[in-house]
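Generate coordinates for the entire structure from the input sequences, incorporating the hints supplied.
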Amino acid sequence: MVQPEFNEGIQQKLHRGWEKGEIKTRTEKAIEFVTEFVPTFKSATIGGPQLYGAHKIPGNNPSLRVGEVSFPCKFYARS
Numbered sequence: 011m012v013q014p015e016f017n018e019g020i021q022q023k024l025h026r027g028w029e030k031g032e033i034k035t036r037t038e039k040a041i042e043f044v045t046e047f048v049p050t051f052k053s054a055t056i057g058g059p060q061l062y063g064a065h066k067i068p069g070n071n072p073s074l075r076v077g078e079v080s081f082p083c084k085f086y087a088r089s
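Counting from 1, position 46 in the sequence shown corresponds to residue 56 in the working numbering; the numbering is continuous, with no gaps.
No wet-lab data here; the hints were simulated from the structure.
Just so you know, not all the hints are guaranteed correct.
Derived pair list, reagent style DSS-like, types lysine-lysine, alpha-carbon separation capped at 27 Å [what the hints assert, rightly or not]:
1) K52 with K84
2) K39 with K23
3) K52 with K34
Listed next, with one range per pair, are the computed distances between beta-carbon atoms [to be verified]:
4) H25 with V79: 17 to 23 Å
5) N17 with R88: 21 to 27 Å
6) P82 with G57: 35 to 41 Å
7) S80 with H25: 21 to 27 Å
8) Q22 with N70: 34 to 40 Å
9) Y86 with F43: 25 to 31 Å
10) C83 with E42: 37 to 43 Å
11) K52 with S73: 36 to 42 Å
12) P14 with T35: 22 to 28 Å
13) S73 with A40: 14 to 20 Å
All C-beta atoms, glycine included, are put in the ideal place defined by N, C-alpha and C.
The following block contains the structure:
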C-alpha cells in the first residue's frame, strides 16, 4: 500500500506526539468551536493523552484499524 509522505513537522508529531502548548491551544480552539453548536460543551476540559501516530492503534497489527484507505492514483484517495 502506498502511504503519503509527510514533512518533518508532521513526522515529529506522528512519532513523538504534540507539544503540550500546541495541544492546549488546539483543544481550547476546538472547544470554543464546538460550543457554537453545543453550548453545554463550554465546560469541556483537556482530558487524557491525545491520539497520535499514523494508524491511531497500538502496535503494528493492521487488523485493528477501523477503516482502510488506498491511494490508487496521485490525486485520489479511496476508503
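Verification of the supplied hints:
This hinted pair does not check out: K52 and K84 have alpha carbons roughly 41 Å apart, beyond 27 Å. Pair hint K39 plus K23 holds up; C-alpha atoms about 19 Å apart against a cutoff of 27 Å. Proximity of K52 to K34 is assessed by CA-CA distance (about 15 Å); at most 27 Å being required, the pair is judged to hold. One distance hint, 17 to 23 Å for the beta-carbon pair H25 and V79, holds here, with the actual separation near 20 Å.
As the Cβ distance of N17 to R88 is approximately 24 Å, the hint placing it in 21 to 27 Å holds. Distance hint for P82 and G57: a CB-CB separation of about 37 Å, consistent with the stated range 35 to 41 Å. Taking the beta carbon of each, S80 and H25 are about 23 Å apart, inside 21 to 27 Å as hinted. With their beta carbons about 20 Å apart, Q22 and N70 fall outside the hinted range of 34 to 40 Å.
In this structure the supplied range 25 to 31 Å holds for Y86 paired with F43, their Cβ-Cβ distance being about 29 Å. Look at C83 against E42: about 38 Å separates their beta carbons, and that is inside 37 to 43 Å. Evaluation of the 36 to 42 Å hint for K52 and S73 yields a pass: the beta carbon distance comes to about 39 Å. Checked against the hint of 22 to 28 Å, the pair P14 and T35 passes, with Cβ atoms roughly 25 Å apart.
One distance hint, 14 to 20 Å for the beta-carbon pair S73 and A40, is violated here, with the actual separation near 30 Å.
Hint violations for this structure: numbers 1, 8, 13, all remaining hints satisfied.
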